[in-house]
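Could you put together the complete structure from these sequences and hints?
Heads up: the protein sequence lines correspond to chains A and B, in order.
Going from the first sequence to our numbering is simple: count from 1 and add 26.
Going from the second sequence to our numbering is simple: count from 1 and add 26.
Treat the hints as calculated values from the structure; they're not laboratory data.
Heads up, a few of these hints could be off.
One copy or any two copies: either way a pair holds, since identical chains are not told apart in the list.
Derived lysine-lysine pairs resembling DSSO-like cross-links, with alpha carbons at most 30 angstroms apart [stated by the list, open to error]:
hint : residue 1 : residue 2
1    : 76        : 138
2    : 65        : 138
3    : 76        : 162
4    : 138       : 69
5    : 76        : 65
Now for the letters of each chain:
Number of protein chains: 2
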Amino acid sequence: MHFSKTAEYAIRVLSYLHRHHETSHSVNVLHQELDLPYKYLTKLMTELAKKGLVNASRGREGGLSLARSADTIYLCDILEAIGESLEHERCILGFDKCDALNPCALHDQWVKPKEMIETMLTTTTLASLIQNKETKL
Amino acid sequence: MHFSKTAEYAIRVLSYLHRHHETSHSVNVLHQELDLPYKYLTKLMTELAKKGLVNASRGREGGLSLARSADTIYLCDILEAIGESLEHERCILGFDKCDALNPCALHDQWVKPKEMIETMLTTTTLASLIQNKETKL
DNA sequence: TATTATTACTACCTTTAGATAGTATATTAT
DNA sequence: ATAATATACTATCTAAAGGTAGTAATAATA
Ligand code: SF4
Ligand code: SF4
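What follows is the structure in structure tokens.
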């Protein structure tokens, strides 16, 4: 019951870019500041650029910055961008097409936590994460 | 954001054993009834036997059955038995020692869903899953 | 234009979860 | 005893996630 490392990395990096949005940042800086594996991060950032979440510019003075306003970027958008959208996630007992009329044995117990997670992911924006600048990233 | 297949399998198998607790069942039967990979299941059941969740007896008329009363087996016990206890799970941003005083950027948003999941896992017993025998397994 | 700092691309390596194969061992009905 | 039916054990394979390495392309600046 956990998020993937890739999801953690993406959320942390994008939060960092928002917190320091006055300028752009190279992968190398993000790597050092957030202690994430450098090469893995380049791949991830390339992907996030393709998906339109960040702007990437090469060459001297290049680097990465948010492509959209942070209050329009929801956590589910980030998961979507790395291929872990809510729909692609299998549920607790792994059945595909199930609903309240054809539930698995765990459905009643799982439905509430599941809704809370989905609500959190669909209503939390990057901007709302950064209100307290003291929190870890 | 999902459970492991192993966790799914364990929950489903144990639920089946409880639902049909009048007798014991061979791995082969469980494999056929629940459509789980046979050899993988033998390993899993051996593990669950070692951890004291099921009784395994070899030979003709042997098979598997619950070792404890179903109302003493909580979902977290099952996860524990397969090495996925709550403590071993990294949290949403993957920090180790964090608390309300030294939180990550997502802590405030994550703390409620997290509690709901933990509550569900620590209060739901196998027995409580089976009240409606019509649900899928 | 040459240099330097950056992202982009391609290929490969490592670890882990999941799954498979074959054999040994135990139990019991006959 | 023997045959049949189970679990237990050991070794291996596969696929996916995570991570590394080297090089090409791009852009600013000196
Ligand atoms: S908990 Fe509900 S949604 Fe999830 S697999 Fe079971 S029936 Fe389907
Ligand atoms: S959400 Fe809370 S418990 Fe989880 S990593 Fe962040 S600070 Fe730690």
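Cross-check of the supplied hints:
When the C-alpha separation of residue 76 and residue 138 is checked against a cutoff of 30 angstroms, the pair qualifies neither within a copy, at 34 angstroms, nor between copies, at 33 angstroms. Within a single copy, residue 65 and residue 138 get their C-alpha atoms no closer than 39 angstroms, and across copies no closer than 34 angstroms, so neither meets the 30 angstroms cut-off. In the homo-oligomer, the alpha carbons of residue 76 and residue 162 lie at most 30 angstroms apart inside one protomer (27 angstroms), although the nearest pairing across protomers, at 41 angstroms, exceeds that limit. Proximity of residue 138 to residue 69 under the C-alpha cut-off of 30 angstroms is found in neither arrangement, the shortest distances being 36 angstroms within a copy and 33 angstroms between copies.
Proximity of residue 76 and residue 65 under a CA criterion of 30 angstroms is satisfied intra-copy only: 17 angstroms inside one chain copy versus 42 angstroms between copies.
Hints 1, 2 and 4 from the list above are not met by this structure, while the remaining hints are.
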